[in-house]
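In this note's numbering, the protein residues as written are 48 to 181.
Worth flagging that the hints you see were computed from the coordinates, not collected in a lab. Keep in mind the model is a prediction, meaning the values are calculated, not measured. The beta carbon of each residue, even a glycine, is placed where N, CA and C say it ideally should be. Keep in mind that a hint or two might mislead.
Claimed, not checked - 16 Å max Cα-Cα, derived EDC-like pairs, lysine to aspartate or glutamate:
id, residue 1, residue 2
1, K58, E97
2, K50, E181
3, K176, E61
4, K104, E75
5, K50, E75
Stated by the list, open to error - Label pairs and their calculated CB-CB ranges:
id, residue 1, residue 2, range
6, E179, V114, 30 to 40 Å
7, E118, I49, 15 to 25 Å
8, E179, L87, 36 to 46 Å
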Amino acid sequence: MIKTLTIDTKKRDEMIDITTYVQDIINEEMKEGIVVVQSLHTTAGITVNENADPDVKTDFLRRLDEVYPWEHTLDLHGEGNTAAHLKTSTVGHSQTIIVTNGGLQLGTWQGIYLCEFDGPRSGRRVSIKTIEAE
48 MIKTLTIDTK
58 KRDEMIDITT
68 YVQDIINEEM
78 KEGIVVVQSL
88 HTTAGITVNE
98 NADPDVKTDF
108 LRRLDEVYPW
118 EHTLDLHGEG
128 NTAAHLKTST
138 VGHSQTIIVT
148 NGGLQLGTWQ
158 GIYLCEFDGP
168 RSGRRVSIKT
178 IEAE
């Protein structure tokens, strides 16, 4: 089964921790297997990163801005958000996480994040697919 998480973002660039939501789905559906978490957007990605120190998110987004600066000129495709597309391609649109004994196999400081690169937006969708081990 595929579940969909819908999120309204508040900033142009932000990282929203969705770990608890994904774990809640695991709690309902399985003990062993994998879960795939996928953004349904070309300007919002999914990553696994540190969830203990909020400065990590700030540094992460700042460094991406250094590599892909937001330019206030129109791109050839007319939307002015090429930097957001590049950031999403760099971060990736999905993550696959192992589930063991009903828990996400994440390190002590790891969390799953929706990375917004072209916000604020309403109705960002993340698909979550559980695949139970046989």
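These are the hints, each one checked on the structure:
For the hint linking K58 to E97, the alpha-carbon distance of about 20 Å lies beyond 16 Å, and the restraint is violated. Taking the CA atoms of K50 and E181, the gap is near 21 Å; set against the 16 Å cutoff, the hint is violated. With a C-alpha separation of about 24 Å, the suggested pairing of K176 with E61 is violated against the 16 Å cut-off. This hinted pair does not check out: K104 and E75 have alpha carbons roughly 29 Å apart, beyond 16 Å.
The hinted pair formed by K50 and E75 meets the criterion: a straight-line CA distance of about 11 Å does not exceed 16 Å. Restraint check, E179 to V114: a C-beta distance of roughly 38 Å satisfies the suggested window 30 to 40 Å. Between E118 and I49 the CB atoms are about 36 Å apart, so this pair departs from the stated range of 15 to 25 Å. The supplied range of 36 to 46 Å is broken by E179 and L87, whose beta-carbon atoms lie about 23 Å from each other.
Consistency note: the structure conflicts with the earlier hints numbered 1, 2, 3, 4, 7, 8.
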